[in-house]
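So the protein sequences, as listed, match chains R, Y and C.
Residues in the first sequence are numbered from 1 upward in steps of one, following the working numbering.
Residues in the second sequence are numbered from 1 upward in steps of one, following the working numbering.
Residues in the third sequence are numbered from 1 upward in steps of one, following the working numbering.
Mixed in with the good hints, there may be bad ones.
Each computed DMTMM-like pair below joins lysine to aspartate or glutamate, with the alpha-carbon atoms no more than 20 Å apart [claimed, not checked]:
(1) Y:LYS170 to Y:GLU32
(2) R:LYS237 to R:GLU322
(3) R:LYS147 to R:GLU75
(4) Y:LYS170 to C:ASP599
(5) C:LYS535 to C:GLU187
(6) Y:LYS170 to C:GLU187
Hints in this document: simulated from the structure, not taken from any laboratory.
Residue-level listing of the chains:
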Amino acid sequence: MGPSVIAGMAGAPLRYPQSALAPAGPVARSEFQLIQLSLVIMLGVFVAVTAAFAYTAVRYRSRPGNLAPASAVDENRRLEIGWTLVPLILLVVMAVPTVKDSYALTPPDTPRVVDVRVIGHQFWWELQYTRLGVTTANELVIPYGRKIDLSLTSADVIHSFWVPRLAGKTDLNPGQLNTAWIQADRPGVYEGQCAEYCGLGHANMHIRVVAVTDREFARWVDGMRHPRVTPASALAKRGMALFGQVGCSSCHTVAGTRFHGQLGPELTGMGNRATIAAGTLTNTPAHLRRWLANPPAILPGSTMPDLHLTGSQISALTAYVESLR
Amino acid sequence: MSDAREAAGALAFADGAHERARFGMWIFLSAECAFFACLIGAYLALHGRTLGVPGPGALFDIPVTLAATLVLLVSSLTMVLAVDAIEREAVDALKGWLATTAALGVTFLGFEAYDFADYWARGVTLQGTVFGSSVYTLLGFHGLHVAFGIFWILSLLRACAALTAEGAVKTYLASLYWHFVDVVWIVIFSVVYLVGKAT
Amino acid sequence: MAMALGRAATAAVRLRAWSWLTTVDHKRIGILYLVTSAFLFLVGGFEAFLIRLQLIRPDNHLVSSAMYSQLFTMHGTTMIFLAVMPILVGFMNAVMPLMIGARDVAFPRLNALSYWMYLAGALLLNSSWFLGGAPNAGWFNYAPISTGAYNPGPGIDFYDLGVQIAGIGTLMTGINFLVTILAMRTEGMSLMRMPLFVWTTLITSLLIIFAFPPLTANLFFLMFDRLAGTAFFNVPHGGDVVLWEQLFWTFGHPEVYILVLPAFGIISEVVATFSRKPLFGYASMVWAVEVIAFLSFIVWSHHMFPVGLGPTVNTMFVLTSMAIAVPTGIKIFNWIATMWGGRIQLTTAMLFAMSFIPTFVVGGTSGVMTALAPADMQFHDSYFVVAHLHYVLIGGTLMAVFAAAYYWFPKITGRLMSERLGRWNFWLVTVGFNVAFLPQHFIGLWGMPRRVYTYGPGLGLSFWNALSTVGVFILTLGILVMVMNVVHALRRGEAAGPDPWDGRTLEWSTASPAPPYNFARLPRVRGRDAFWEQKRSTERELWPVDRHIHLPSPTPVPALMALGLLVAAYGAIFRSIPVVAAGLGLTVYGIHRSMFDVDPGVIVTPTEEGAA
Chain R
1 MGPSVIAGMA GAPLRYPQSA LAPAGPVARS EFQLIQLSLV IMLGVFVAVT AAFAYTAVRY
61 RSRPGNLAPA SAVDENRRLE IGWTLVPLIL LVVMAVPTVK DSYALTPPDT PRVVDVRVIG
121 HQFWWELQYT RLGVTTANEL VIPYGRKIDL SLTSADVIHS FWVPRLAGKT DLNPGQLNTA
181 WIQADRPGVY EGQCAEYCGL GHANMHIRVV AVTDREFARW VDGMRHPRVT PASALAKRGM
241 ALFGQVGCSS CHTVAGTRFH GQLGPELTGM GNRATIAAGT LTNTPAHLRR WLANPPAILP
301 GSTMPDLHLT GSQISALTAY VESLR
Chain Y
1 MSDAREAAGA LAFADGAHER ARFGMWIFLS AECAFFACLI GAYLALHGRT LGVPGPGALF
61 DIPVTLAATL VLLVSSLTMV LAVDAIEREA VDALKGWLAT TAALGVTFLG FEAYDFADYW
121 ARGVTLQGTV FGSSVYTLLG FHGLHVAFGI FWILSLLRAC AALTAEGAVK TYLASLYWHF
181 VDVVWIVIFS VVYLVGKAT
Chain C
1 MAMALGRAAT AAVRLRAWSW LTTVDHKRIG ILYLVTSAFL FLVGGFEAFL IRLQLIRPDN
61 HLVSSAMYSQ LFTMHGTTMI FLAVMPILVG FMNAVMPLMI GARDVAFPRL NALSYWMYLA
121 GALLLNSSWF LGGAPNAGWF NYAPISTGAY NPGPGIDFYD LGVQIAGIGT LMTGINFLVT
181 ILAMRTEGMS LMRMPLFVWT TLITSLLIIF AFPPLTANLF FLMFDRLAGT AFFNVPHGGD
241 VVLWEQLFWT FGHPEVYILV LPAFGIISEV VATFSRKPLF GYASMVWAVE VIAFLSFIVW
301 SHHMFPVGLG PTVNTMFVLT SMAIAVPTGI KIFNWIATMW GGRIQLTTAM LFAMSFIPTF
361 VVGGTSGVMT ALAPADMQFH DSYFVVAHLH YVLIGGTLMA VFAAAYYWFP KITGRLMSER
421 LGRWNFWLVT VGFNVAFLPQ HFIGLWGMPR RVYTYGPGLG LSFWNALSTV GVFILTLGIL
481 VMVMNVVHAL RRGEAAGPDP WDGRTLEWST ASPAPPYNFA RLPRVRGRDA FWEQKRSTER
541 ELWPVDRHIH LPSPTPVPAL MALGLLVAAY GAIFRSIPVV AAGLGLTVYG IHRSMFDVDP
601 GVIVTPTEEG AA
């Protein structure tokens, strides 16, 4: 798993990694085609109207001394019918694909091979692979070339799931379940973020979709189901002990251990993820140390408090979290 | 002579004022209609979420509410008689009918208070469920309108001594308002109580 | 001696203040609206300035996330509820009764009440900065982030009650203007002879009357949730967070047209006047306004495409939303046709009105794009929408407001603004606005959501955000020139005379500023463009001047009622039932007084100038 993430990131960096104009899947592509069609028609309208306006303004500009009352034409039936009908026709041209896409992009009632429950939290994403029995956070690993069904809800306020290169937004409403689907054409990492204002951490609530091959996906699932439970190094072992003592485990779950906290993101396989802190920092030991030292300083509004850890505690916890693979 | 006519013309502004007041009242009541439509709409969207407390079917006691409805309907009739008394310039009758209307309004509020106490005792609280929140809010706003109507009628009664064209318009406006509050109740009684009981 | 003089001067000031506090004259109330809303426009603009300063570069730390959320919330709320809408109401007050040849509005005291309630709401909302923090959930204030569970501070209470009080004031204005226009037109002013600005005021009033009640209900629900613990938006108790969105946008979309239709009216007046031609397609203009108003009530869910209402609901709202483009297009074409064949005088007012046309077309066409639900899944809540709404509200409404300011300033104050400064004002605003907001379309398409206090350099949008901020610098300069121009004109502006623009409508037929009774003899109207026709008619008006004009007398009661609501609101925010009771008691006392006080009014005799 690890290498594929690196590979995904190693590709030439995109100039606009969150661009809706660089679709990488069928949903975003349909949306992009509609954006293109409407943009072209609307630019045409803008140019035509502005040209008519500018021509009129220049031609009938009053010259000095000429204050004679202007011609008093105030009606022209044929013209008026014309500028009612032409916009109507243009609208129909856009309405047809719009209605078609509205239905086509709605996910079917029967879920497909991979379905993920996306639960929004202030300010992170809980990702449950319901049929695979795997839970992770903030990095959605999917097999590329396959349709992935999402069912979305929220544990607190309204959030919105937006990975522009794969699909437009779907809101996460508390108490309700929405559906959507995504598909990535190629392996790679697709960036996104929460698009409905959800509080102080809204700007930093990133989501990353990591698209891998079927085989890599199967290996990843296997790894998540059977994680390495006991760390190898002595430092990491000390970190594991601390994890239970200083309070980490009251919020975080690590599969296969006795840590079953429910409030924070699942940390199973954390060492494999490319980012920490809801996508704000890359996952390096140095960043993890900075994060553990004072989370709210990095993510305003973060519910993870500053636990006032000592330097050696932070080192041990860092080693343990990095060992979760 | 021309001065007198001009003075009369100047007062035309004040005369038109009565027409405008009635017109304005109608417009205000149509905004009120939109407001109650929102309250009723919200109630209809939320009333199924009872979370274990008695829902509309189990909660509402139609005979009691029907009695309250009749009281309010009769109060509309007495209000009509009050307006009629103005047109006949019968001050005593006017006072009598206004007082009756206010008394019937108070009776209605009494019924409503009784109902609220009953619902509350059976576990439907303002805070516990959104069903409770929406039903109390809808009925409460209607009750508040009735209360304001009573305040209005009592103020009219106090001002009755000066029974003038001015006073007539004021009574007419109050009667419009009172009938409106009554009509809203008919809608609430049908949509909330009768339909709620039936489903 | 000096002391006595000083005392006399103070007394005079006190008397003047008292006369403003008690005025029921629509023209003076209009001035109160315009001054207050212009000030609040500067406040909202300052908030926008700070927002753009924060976004000038990635990972900026000028303001915190907490401060930023208050800034964007107060910017939107201030601009929509406290600046732009009341500026338009101010112009309506200042000129609409003059345009229909009336001596006042239908309910002068109610008119004063509307203003004082607006002021109370504005004071309440803006005092939140000093009393525990401003509201911070965005101007549309979605639940549940606005409920007590997620937002325990007082900010949202300030929003809820401030908007509620100002909103009910606006509702009164709607009722007042509707009755005024339908019942108080002068002889011969039939509906189809009314100036377009009067038509748009009429239709806007209708929108207000039916759009504000859903807002009122919604704000009550939220208030009860926060103050009394009801469960409307409390999900564990069965609450429904989408209910807020539905009710809010049921109000919110007509609100957009409450802000835009009066602008259409202003543009129609200014373009016709300075093209020196009657408005082209008058009947279709009226029809278009009516159709737009009707459609505005059945398009609200286009603000909610990603909410998950399903493809059928979305499709219905796609089609109704797209349909609005047709009547809007008709209006644009009619304005161009009005200019066609005219003698276009490029006054500052006309420049703003003309610049409205292309910029509003940008806002309109991007509006059509956002109506296409699947495409909107990408636009929604991104900077594309921020760009779109600013093209509509600045490029549309604000350009019209500037045009109206230059056009009617002489009527309201009796003085002309400087055309030279006006040109600076126009070019700085137009260039600054486009530099600020054109790039935001792409910032959104390239993936920047709105309401983020910061963004990473990796997003690739550093340059474009910096450019947008530079645009705001230029725009700000333009606004400052406008302020200078107003100050300059008030101190030593040229006297305007009654009809500086060779106007077409009745407000230009009386003195500038108009006397308290507006017209010494009520005009009789024989066609559209009543004053234009009158000036060119050889017939003189033979009927006599009214020598005894009955006007309503001033009263402090409306201000007192609004004060009561303000006190009650503070009581509610700081959870003190006695204060709430005292405030409401004051208001109910005011209602009682207004119902039963007999207003003898005052009889005024026009002066000779007024009669001229």
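task = Mind listing which of the numbered hints don't hold for this structure, in increasing order?
result = Result: hints 3, 6 break, sorted rising.
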